[in-house]
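Could you fit the two chains together into a complex? Lean on the hints.
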Amino acid sequence: MRLILVLLLAISGLARAAEPDLLEPDRAFRFAARLTDARSIEINYQIAPGYYLYRDKFQFTLAPAGAKPGAPRLPSGRKHRDEFFGEVETYRGSLSIVLPFELADASVPAIHLTAVSQGCADIGVCYVPHEQRAELRLASLTPGATRSGAAPGLFSGAGSAADDTLVTRVFEGGFWLVIASFFGFGLLLSFTPCVLPMVPILSSVIVGAGQPVTKSRGFLLAIVYVLGMAITYAVAGVAAGLSGAMLSVALQNPWVLGAFAMVFVALALAMFGFYDLQLPVALQNRLADASNRFHGGHTVGVFVMGVLSALILGPCVAAPLAGALLYIGQSRDVVMGGSALFAMALGMGVPLLAVGASAGALMPKAGPWMETVKRGFGTLLLGMAIYVVSPYLPVSVQMFLWAALLIVTAIYLRAIDPLPAAAHGFQKFSKGLGIIALLAGLAYLVGAFSGGRDILQPLSGLRVTESGSTTFETPFERIKNGAELDRRVQAAAGRTVMLDFYADWCVSCKEMERYTFSDERVRARFREMVLLQADVTANNAEDAALLRRFRLFGPPGIVFFDRTGREIPGLRVIGFQPADRFVAVLDQALAFRQ
Amino acid sequence: MRARTLAVFTVVAGLSGAGGVLYHLGSRGSAGPGGDPAEVLERILAAPHTDVKGEARRLGDWRGRVLIVNYWATWCAPCREEIPVFVRMQERYGGRGLQFVGIAIDQPEQVAEFAREFRINYPLLLGGVETIELVRQVGNRAGVLPYTLVIDRKGKLVSRETGGLKEARLERLIQPLL
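Sequences listed follow chains A and W, in order.
Note that our numbering gives residue 259 to position 259 of the first sequence, counting from 1, and the numbers run on in steps of one.
Note that our numbering gives residue 688 to position 94 of the second sequence, counting from 1, and the numbers run on in steps of one.
Just chain W, same shape as in the assembly (with noise of 0.2 Å):
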């Protein structure tokens, strides 16, 4: 009895001390879970913004189609290397149902001259500090760009991409989707 007693401290403590390093390690990691994601995605729909011509939008707008949600800027070069991709794609795909947002957190100015430049074929919205502060709470926590989010047409959250989309992953995320 004796020796359980000693084993379930030694454990506890070992645990615990592992814990901390652990913990140490998870929060260098990149994504890591903050809230309950379906719970921050209806926010996430819910939330206001406006356009690049100064209209008010909601993601929720797009519900019932298989939604690609796009947070990025034009400063962010890893950003724009995936944006002819998704234009291409939108142009394929959005027949059958697909709609790519793009939610630039940047000046309006600037969104519109590199919509413009790219010709860019799916709406653009922009973010500010509460947009931010969502994108963290789904479970980009170090708020890193360029991020993306694919929901069905349920709205259910099917992925979250860190980091450039290469065509061949986003075929694959889609196809069932669609």
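The shape of chain A in the complex, shown without the other chains (with noise of 0.2 Å):
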């Protein structure tokens, strides 16, 4: 009785969080600083969509009181009339604003900012103003040393760190999405072979009871049922989710990833019907045991019975669960690992709360199409495992690889046999999809051969353009070593320079050049520089030396020297950057005097 109080409340608590979801402000408004130089703060905000802050409210203050904060240099916003006060300036997305300050006492390890910051969600509420600090020290005038201490709170850390991993950015895609996909990824699931025998196992556990089950209870009953599923794989999702963070580190490492995907690759052929991926006999047959001994009917019996249905869930769903758990391990978030889990849980139990609700009238018809919805697993799993590794790989290898998924793909959907003449309109459709991966895998193999360089358009190296056969006009002088790099750098004396390090392999270097450098502010800036680039995609003993003068790993990597020739201390950009945050650096080094 108790347990189902636990779970009423369970359950309410996920319906509050479901209505107007109102965010906490730290995430509503996401703060971060760093020190760009020894006198300028960069401060960031990722304001959340939906939700905006006023120009005119912000406050900075420094501590100690000998670092003294200048006027902050803010965007312009966008403009609206506001009937009493006439017109207003909002920022929504991301701002970036630049703090000057000066520093009466250098020997100071560390100043600590406070930012008052007032906005308001669209739903129509503001928020108090709210208060955000950050430390930032001047000992190591790197970026990353700063520590934000806006949110305090077991989850903190999740996702506002400055990662730049693929895979976090994946995520950062919206946590809503995510919940989504995995909810639409357990529905999928449910359609395997494996989900559908639980069917009757649940109707009997429903029914178990003796006594007449009505529609409502049976519902119900499917729920705890489901929830007790859910419920252990959120434990499984949240597991992963630690055992990543804990991993971090390793997860950054080629090897490691090549092991991801190696593993990724046998769950997929566990999918294709290789082999079976089960657990031991002998444990499966404990649990079952254990389960048995729980009488149906109990609103506690059918719990404890999801709890151990999803220890003992054998064949099909153990090898996309296992690489939904190694995504998450890959991402490290915590949270988001236990909810995707969850949701993909509730997912899987959409067809079982329908079988209780109808009290197991409804069902659906068991047939070979479950094999395929587990080969279409099998597809998804080899995806993944190309896409772990591709930042280490040849952008022709990769093109090679994603040819033959695709292309092997369409000719099981059928693409080349013809459809006979009374075809099913699902087997239409799926001869549509087998042409579209076909094509699209024909357009990578011709790609790989004819040295496509970028893994979005794989067809741009047979372009015919006049300056020859690259991908597209790069404003930059390319240089091959650091002696080079000094006799361009002292021939641009009186103009800033900025480096870029870049490689055919490196996928942020490729999102900068599409996304970022396109972009007109961008352009208009790079107009008064000398754009300088270094091509180290062969990463030849040049290439390394240049890097290692740097201090850095490797692409993506910016950096840039003042008028006198000097780099720039502290203004370096290093991953992808968003073309408003990189005009704001562009702003800063156009700006900067020694």
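Among the clues, some could well be false.
[Unchecked claim] Calculated lysine to any residue pairs in the SDA-like style (CA-CA distance at most 20 Å, straight line):
{"hint": "1", "chain 1": "A", "residue 1": "K79", "chain 2": "A", "residue 2": "A48"}
{"hint": "2", "chain 1": "A", "residue 1": "K57", "chain 2": "W", "residue 2": "P702"}
{"hint": "3", "chain 1": "W", "residue 1": "K760", "chain 2": "A", "residue 2": "D122"}
{"hint": "4", "chain 1": "A", "residue 1": "K431", "chain 2": "A", "residue 2": "V373"}
{"hint": "5", "chain 1": "A", "residue 1": "K57", "chain 2": "W", "residue 2": "R674"}
{"hint": "6", "chain 1": "A", "residue 1": "K68", "chain 2": "A", "residue 2": "V108"}
{"hint": "7", "chain 1": "W", "residue 1": "K647", "chain 2": "W", "residue 2": "N715"}
{"hint": "8", "chain 1": "A", "residue 1": "K57", "chain 2": "W", "residue 2": "Q704"}
{"hint": "9", "chain 1": "W", "residue 1": "K760", "chain 2": "A", "residue 2": "I123"}
I should point out that these hints are in silico values taken from the structure, not numbers from a laboratory.
What you are looking at is a predicted structure, and each value in this text was computed from that prediction instead of being measured.
What follows is the structure in structure tokens.
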């Protein structure tokens, strides 16, 4: 009985979070600050969609007293009419503010920034003036040496740190998007041949009580059962997130990622039916025994059955589940991991709920189509394997792998088999998908053989341009080694120089070119600078020496030199930066005077 | 017996995992309770404020009336939208014991100017850091404006309202209290 109460509480907790979801101010206005050099601080706000900050309401204070803040440089915001104040400017999205400061005593190890901001949400509330703090260490003027003390608490670190790995950025795509995908993923999984056999089990569990079961009671029991299952998966997700957090450094290593990819491939083979992946039979039998001892019909019993069934669930859920866990482990986000797997299990539970609600009357027909779903998962796992190792592979190899995957999938989808005259709608649909996959695969194959350099534009290698066969016009002058760099920087005396480290296999570099360098505001500032680029694709001795000289491990990395030819300390861009923030960095570089 | 131990263990493990998730989801929600509201309300009623004219006031001064405490600010557009409703209702029900009191998280000059312009016919007090802390404790954890407390004649907290209040909702809240 008490258990039901706990569960109801749990459900009401979920419901509460689902209604007008108002973010805590620290989440609505994510705050970070870093020293760009010994006299200015870059303050960043990531404003959640549907929220905004007022331009004229910021207050910045510094401690100790020897540190005096100057006038903050605020970009112009969106203007709109306010009936009381007249014209008001607000910020949405990403905001970068530069706060110059003077320091009377240069020996202090750190300064403390307190930022007060005022903002509102579109749903019709505002926040009281909100205070956020950051500690800025002067001792090491390197990016990332700052600690944002904005959000204390167990899970505060999740997602707020400036991780720039590919996977975290995928996750930044939105919490709810990931949750929804995992829910859909679970729903698909429920149509594999493994989950449906549970339907009769569930029916017997529900009916097991002996007394006649009403529809609402059947539904309630089904919910309890699914929750039992979902909570078990959530625990697994949390564990994966935690282990990923501990392995975070190892996960940057190509060998570890390679091993991950191999595991994905192995799991995919299980989905294609080359072998069966499941818990050892002895363990399964013991769990099954344990679950049999609980008699159906009772809520507690049904809940425990749900928990245990998540463990027993065998041959085909195990592989996608392991894939999902690896994925979460890589993302290192504990909260996300737990919630994502919880959502996945809920998705898996949907058909079971339907069964419960209809007291067994509604049941999808099992059939060979379920094997198709299973193979679909196999394909997905292979795709993940390629994705995980792609940062370490030359583009042509990546293209070849994608081509192979797409073309083989297309053949399985019968892309080139003729359709029978009386083709089923589903057959037509799958043939259509097959042809798309086939054409995309062929494009990648052609790309791989024609020296395409851009995974997003496999055929760009074929494009005929006046300047030859480069992918697109880059305004950079290439340099090969340190001596050449020095010559160019000297020759540029009086102008600011930007040095960009680039490599063909560097995904972030491509994104910078595509999304940031192409921005009109960025281009305007580029015209005032000398732009140099070091292509370290080959990673030969000269490349390595150049990287070592700037203490970089590899691209992407951007370094600036002031008008006298010295590197501007602290003003480096490592990893992808959207145009808004990059423009602010360029402005600082242009304004810098030693 | 062993099966039961196993079951208890799995349930506890499962619930603690779900607890983590719910903690996270819960912390995203709006007004979670923070402390005993009745006790916090006493402190809210006793807290010293100054009004726009610079006089010392406490919310407890209006004990015995049906009290509607509205936390707001002039820069907060959704707060301003509901104020004409408050002015109208103060006019209509003031004689029957209804008392609006606004607490502005704002600069005194701006509040005074706004009060003139909108012809506010109820007392306006100024709030500071302590006010915000009390508001958080009474249940407004995210520190959101507008936020409105409805308190009956005996000084009991009847309702906590986050965001703009519609006239119909306010009517429904106060009618049984008058």
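Verification of the supplied hints:
1. A/K79 - A/A48: holds (19 Å)
2. A/K57 - W/P702: This hinted pair holds, its Cα atoms lying about 16 Å apart.
3. W/K760 - A/D122: holds (17 Å)
4. A/K431 - A/V373: holds (15 Å)
5. A/K57 - W/R674: The hint holds at about 18 Å.
6. A/K68 - A/V108: holds (13 Å)
7. W/K647 - W/N715: Measuring from Cα to Cα gives roughly 14 Å; hence the hint holds.
8. A/K57 - W/Q704: Within the cut-off at roughly 14 Å; holds.
9. W/K760 - A/I123: Between W/K760 and A/I123 the Cα gap is close to 14 Å, so the pair holds against 20 Å.
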